[in-house]
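**Q** Please model the complete structure; the sequences and the hints are all you need to start from.
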Amino acid sequence: MDWQIKTMAGKSSATSAEFKPGDTVLSLIYKDSSDGLLARVDLLEGEVEEFKLPGVPLGCWKRIIKEDGSQELNRQEQMLVAEDFFFSLFEVSKEGKTNAGADELEALKHLLALLLERKRVLRAVGPRAKEGVQLYRHPKLEREFEIKVITVYPELMQKIMDTMGDVFLQS
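Quick note: the sequence shown uses this note's numbering, first residue 985, plus one each step.
Calculated directly from the structure, the hints in this document are not laboratory data.
This structure is a prediction, so every number in the text was calculated from the model and none was measured.
A hint or two may mislead.
Said to hold, decoys possible - FRET-style restraints, in silico, Cβ to Cβ: (1) Gly-994 x Lys-1036: 21 to 31 angstroms; (2) Leu-1119 x Ser-1000: 40 to 50 angstroms; (3) Glu-1034 x Gly-994: 17 to 27 angstroms; (4) Lys-995 x Arg-1112: 24 to 34 angstroms; (5) Gly-1030 x Gln-1060: 22 to 32 angstroms.
Unchecked claim - Calculated pairs, PhoX-like style, for lysine-lysine (alpha carbon to alpha carbon, straight line, at most 20 angstroms): (6) Lys-1050 x Lys-995; (7) Lys-1132 x Lys-1114; (8) Lys-1124 x Lys-1103; (9) Lys-1050 x Lys-1004.
Here a beta-carbon is modelled for each residue, glycine too, at the ideal position from N, C-alpha and C.
**A** In structure tokens:
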């Protein structure tokens, strides 16, 4: 199964302002405080500081609206977005903002690491860990990431698909 990040909304989640070519848009993923599901908001770069996220932040990525106004991403752009999102998961956890979303954060890290390994962006270091922590290396950045190994059972996969439906498309 492949995962792609859904196309962003055509307008800001904060002000409903339409996105225009050249706008920088940040997509924020969070664990909603009311229902406990993962959700996403798309904001203009200048709106992020003022916006009150209705939950625990998990990660984000940034995109610039193309001159033709389209939001379609080619494969390379999709991988860059997935990479940015993956890196942001470590920034958020480093800032200590994720206590309430720790399980979801670890699941996102694990799944994105597997996706990026499959796409040859990350490489597993050493033998494949079946429990504990798997070390991954990003060869271009010469950076290593410790990823908690999570056993993905059918029930867990269904829960992830249900809660991530607002964030990812499965293909």
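**Q** Indicate, hint by hint, whether the structure satisfies it.
**A** Hint check:
Against the hinted window of 21 to 31 angstroms, the Cβ-Cβ separation of Gly-994 and Lys-1036 comes to about 22 angstroms, which satisfies the hint. Distance hint check for Leu-1119 and Ser-1000: the Cβ-Cβ separation is about 44 angstroms, which falls inside the suggested range of 40 to 50 angstroms. In this structure, Glu-1034 and Gly-994 meet the distance hint of 17 to 27 angstroms, their C-beta atoms being roughly 21 angstroms apart. Taken as a hint, the range 24 to 34 angstroms is violated for the pair Lys-995 and Arg-1112, whose Cβ atoms sit roughly 44 angstroms apart.
At roughly 27 angstroms, the beta-carbon separation of Gly-1030 and Gln-1060 lies within the given 22 to 32 angstroms, and the hint holds. Distance restraint check for Lys-1050 and Lys-995: the Cα-Cα separation of roughly 14 angstroms lies within the 20 angstroms cut-off, and the hinted pair is therefore satisfied. Between the alpha carbons of Lys-1132 and Lys-1114 the distance comes to roughly 10 angstroms, so the proposed pair stays at or under 20 angstroms and holds. Distance hint between Lys-1124 and Lys-1103 is fulfilled; the C-alpha atoms sit about 14 angstroms from each other, no more than 20 angstroms.
Between Lys-1050 and Lys-1004, the direct Cα distance comes to roughly 8 angstroms. Compliance with the 20 angstroms bound is thereby established for this hinted pair.
Against the hints set out earlier in the document, a violation occurs for number 4 only.
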